[in-house]
Amino acid sequence: MTDRAVKVDEAAVAERLTGLNKKHRSLVGDVWDQYKTHKGALIGAIVFFGILIAVLIGPFIWTIDPSFVDIRSRNQGVSLAHPFGTDQLGRDLLARILSGGQVSMAVGLTAMLLAVLLGTLIGVVAGFFQKLDGPLMRFTDLFLALPLLPLLLVIVTLFREPLAASFGPEGGIFILMVSAIGITSWMQTARIVRGDVLALKEREFVLAARSIGTPPRRMITRHILPNVLSPILVSATLGIANAIITESALSFLGLGFPPDFPTWGRLLFDAIDYMPQYPMWVVWPGLAISLTVLSVNYMGDGLRDALDPRIRGR
Amino acid sequence: MLNYTIRRLILAVPTMLFISFVIFAIIKLSPSDPTAGLPLTIPPEVREKIREALGFNEPFIVQFFLWLKQLVVTEPLYWMNQKFGTEFEIGQRMISYQTRSPVLDLIVQRIPQTLWVVGTSYIVGIIIAVPLGIISAYKQYSVFDQIGTFISMIGFSVPTFFTGVLLILIFSVNLGWFPSIYDTTHVVDSWGSFWYQIKQMIMPVMVLGLFNAAQISRYMRASMLDNLTQDYVRTARAKGVKEQTVVLVHVLRNSMIPVVTVIALNLPSVFGGALITEQVFQVNGLGQLLILAIQGGDVPMVQTVTVIFAVLIVLFNLIADVLYGMLDPRIRYD
Numbered sequence: 601m602t603d604r605a606v607k608v609d610e611a612a613v614a615e616r617l618t619g620l621n622k623k624h625r626s627l628v629g630d631v632w633d634q635y636k637t638h639k640g641a642l643i644g645a646i647v648f649f650g651i652l653i654a655v656l657i658g659p660f661i662w663t664i665d666p667s668f669v670d671i672r673s674r675n676q677g678v679s680l681a682h683p684f685g686t687d688q689l690g691r692d693l694l695a696r697i698l699s700g701g702q703v704s705m706a707v708g709l710t711a712m713l714l715a716v717l718l719g720t721l722i723g724v725v726a727g728f729f730q731k732l733d734g735p736l737m738r739f740t741d742l743f744l745a746l747p748l749l750p751l752l753l754v755i756v757t758l759f760r761e762p763l764a765a766s767f768g769p770e771g772g773i774f775i776l777m778v779s780a781i782g783i784t785s786w787m788q789t790a791r792i793v794r795g796d797v798l799a800l801k802e803r804e805f806v807l808a809a810r811s812i813g814t815p816p817r818r819m820i821t822r823h824i825l826p827n828v829l830s831p832i833l834v835s836a837t838l839g840i841a842n843a844i845i846t847e848s849a850l851s852f853l854g855l856g857f858p859p860d861f862p863t864w865g866r867l868l869f870d871a872i873d874y875m876p877q878y879p880m881w882v883v884w885p886g887l888a889i890s891l892t893v894l895s896v897n898y899m900g901d902g903l904r905d906a907l908d909p910r911i912r913g914r
Numbered sequence: 003m004l005n006y007t008i009r010r011l012i013l014a015v016p017t018m019l020f021i022s023f024v025i026f027a028i029i030k031l032s033p034s035d036p037t038a039g040l041p042l043t044i045p046p047e048v049r050e051k052i053r054e055a056l057g058f059n060e061p062f063i064v065q066f067f068l069w070l071k072q073l074v075v076t077e078p079l080y081w082m083n084q085k086f087g088t089e090f091e092i093g094q095r096m097i098s099y100q101t102r103s104p105v106l107d108l109i110v111q112r113i114p115q116t117l118w119v120v121g122t123s124y125i126v127g128i129i130i131a132v133p134l135g136i137i138s139a140y141k142q143y144s145v146f147d148q149i150g151t152f153i154s155m156i157g158f159s160v161p162t163f164f165t166g167v168l169l170i171l172i173f174s175v176n177l178g179w180f181p182s183i184y185d186t187t188h189v190v191d192s193w194g195s196f197w198y199q200i201k202q203m204i205m206p207v208m209v210l211g212l213f214n215a216a217q218i219s220r221y222m223r224a225s226m227l228d229n230l231t232q233d234y235v236r237t238a239r240a241k242g243v244k245e246q247t248v249v250l251v252h253v254l255r256n257s258m259i260p261v262v263t264v265i266a267l268n269l270p271s272v273f274g275g276a277l278i279t280e281q282v283f284q285v286n287g288l289g290q291l292l293i294l295a296i297q298g299g300d301v302p303m304v305q306t307v308t309v310i311f312a313v314l315i316v317l318f319n320l321i322a323d324v325l326y327g328m329l330d331p332r333i334r335y336d
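Going down the list, the sequences are from chains X and V.
Residue numbers for the first sequence follow this note's numbering, beginning at 601 and rising by one.
Residue numbers for the second sequence follow this note's numbering, beginning at 3 and rising by one.
Hints were generated in silico from the structure; no laboratory data involved.
Check each hint, because a few of them may be wrong.
[Stated by the list, open to error] Derived DEER-like restraints, expressed as beta-carbon distance ranges: (1) X:L642 x V:F58: 39 to 49 Å; (2) V:G121 x X:P769: 35 to 45 Å; (3) V:D330 x X:L732: 45 to 55 Å; (4) V:P114 x X:I872: 58 to 68 Å; (5) V:T231 x X:L825: 27 to 37 Å; (6) V:R332 x X:I646: 39 to 49 Å; (7) X:P769 x V:R102: 31 to 41 Å; (8) X:I812 x V:Q142: 29 to 39 Å.
We put the CB at the ideal spot given by N, CA and C, even for glycine.
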């Protein structure tokens, strides 16, 4: 163990001596160097950002309206005019997948943001303020004991109409989905963050900061938060996968987005009735969901390694 | 240990009460009307009477306790009356809005199908996952490990509704090997019907089994890796224990401790996941019952099924904790 540590130090010193005029090394650069060595994570990142860019820019290049009904060219197979074919109403499937991807990605990213925000808030508060630790963690345990998928189904069904009435059918269901997924998936983040904050509180630099009279607010933003950033980033990445799967599962059960507002899950659900005749209609959206989630999971794996200083040092 | 178990059991009661209350509150907060599904020809005053008879005009908290009483007092008493011929005074049993039959009877009818599919798939998952995890860890970074890790990554990344649909597409639609719909009325009474039962179970069980195997094998691998570098392994090798014994007896038994608790802990979420698989293969189990009840606005049914899921979670959390203490002598809660 000690041998290796010494060796690493020597290497670092040698590098510093020989490469004084080399480029300045930053934390982000170091993390990126480590991240690159994980092949799966690198491919995952390329695939994920590829899909993200495709669904963001795609509709500007592939300008067919996803809801344009062209009944004469319905049920077409793969062709130059319709690379993914058309559905039973003659709508272009590529355009539908792209616009569905926009919704799925938007739900995934927003719900993840909400979950991470909630999780970080509760985790930091519980870890930092000892009095609130007990109640907040019991609260987290209660949430962990809730049957999430059944409950999500209930929430989405029951609150669909009131929200659709006040925010419009599309905005309402979007808000509902994002908040429902967000408030049911923050618990893991909160637990991890709390654990890390508890460990950080015992460190000398926190003691030093306290001894010069740093108020709790600045202590958290200045010393605690930057140090718990890596677990937050990892759980944020994995949160995207979770949110996308949950959204498409709800849509797949017919309780998510309405049919005229397709997401990947909804497209898959709608295509099941036509599965024997047109199997590809099922495969395209399913493949989109699976590829996105797989790439996100690989990214999370790579990030976890890259952000861990013990692994990065080697 | 017994002391600890009893204490945990008592502590689980308020948790369960609170969770049922939250579920009840969520359902009640929404503007749902129990008479919405009834024919429009019913005059409003009759409608009002129906609402009153269902206890809908009572205060919220009274409704909650009435429902709770039906679940934990009326139903067990009714069951005892049926079973032992006792003659307890029982009140009105909980009635489903949709079918007008007692909620608990419907649930009892659905449980075997769910248990059958979920249970088998979980066992299949464990049988696949444990050897996979052992070999992956023992030959870390080998080709086998790489492929195993990749497959388990796919296993929990690809959602079950897509793997299920894909399997139906390949094996039912194209090859015609297995039926795409699970027939729960099928009776096994001969070798032929037994074979049919196996054929219809293969796909749902494989879908769920693969998903479970993916999760468990990762835990198994990590846990084996932790133990393989321990000092006692070196000691065992040094005194000349056979390699097979070192891995399969010394290391495996110690690595199983966290894995067993994970297996217990994950079981309730498998029930939740089975909801989707049941929908894909049209298994008329608990999950399908819940979805139909949600679509039909059947409030008592939704409440009861959701609370049953919650009870399962709390129960298996408890089982996992107790198991951990029993298996690992370093952790005794006394």
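Status of each hint after checking the structure:
1. X:L642 x V:F58: 39 to 49 Å: For L642 (chain X) and F58 (chain V) the Cβ distance comes to about 59 Å; the hint is violated.
2. V:G121 x X:P769: 35 to 45 Å: 41 Å, holds
3. V:D330 x X:L732: 45 to 55 Å: Violated, since D330 (chain V) and L732 (chain X) (Cβ atoms, about 31 Å apart) do not stay within the stated range.
4. V:P114 x X:I872: 58 to 68 Å: 26 Å, violated
5. V:T231 x X:L825: 27 to 37 Å: 34 Å, holds
6. V:R332 x X:I646: 39 to 49 Å: 45 Å, holds
7. X:P769 x V:R102: 31 to 41 Å: At 33 Å between Cβs, range holds.
8. X:I812 x V:Q142: 29 to 39 Å: Violated: the Cβ-Cβ distance is about 47 Å, outside 29 to 39 Å.
Hints 1, 3, 4 and 8, counting from the list given before, are not met by this structure.
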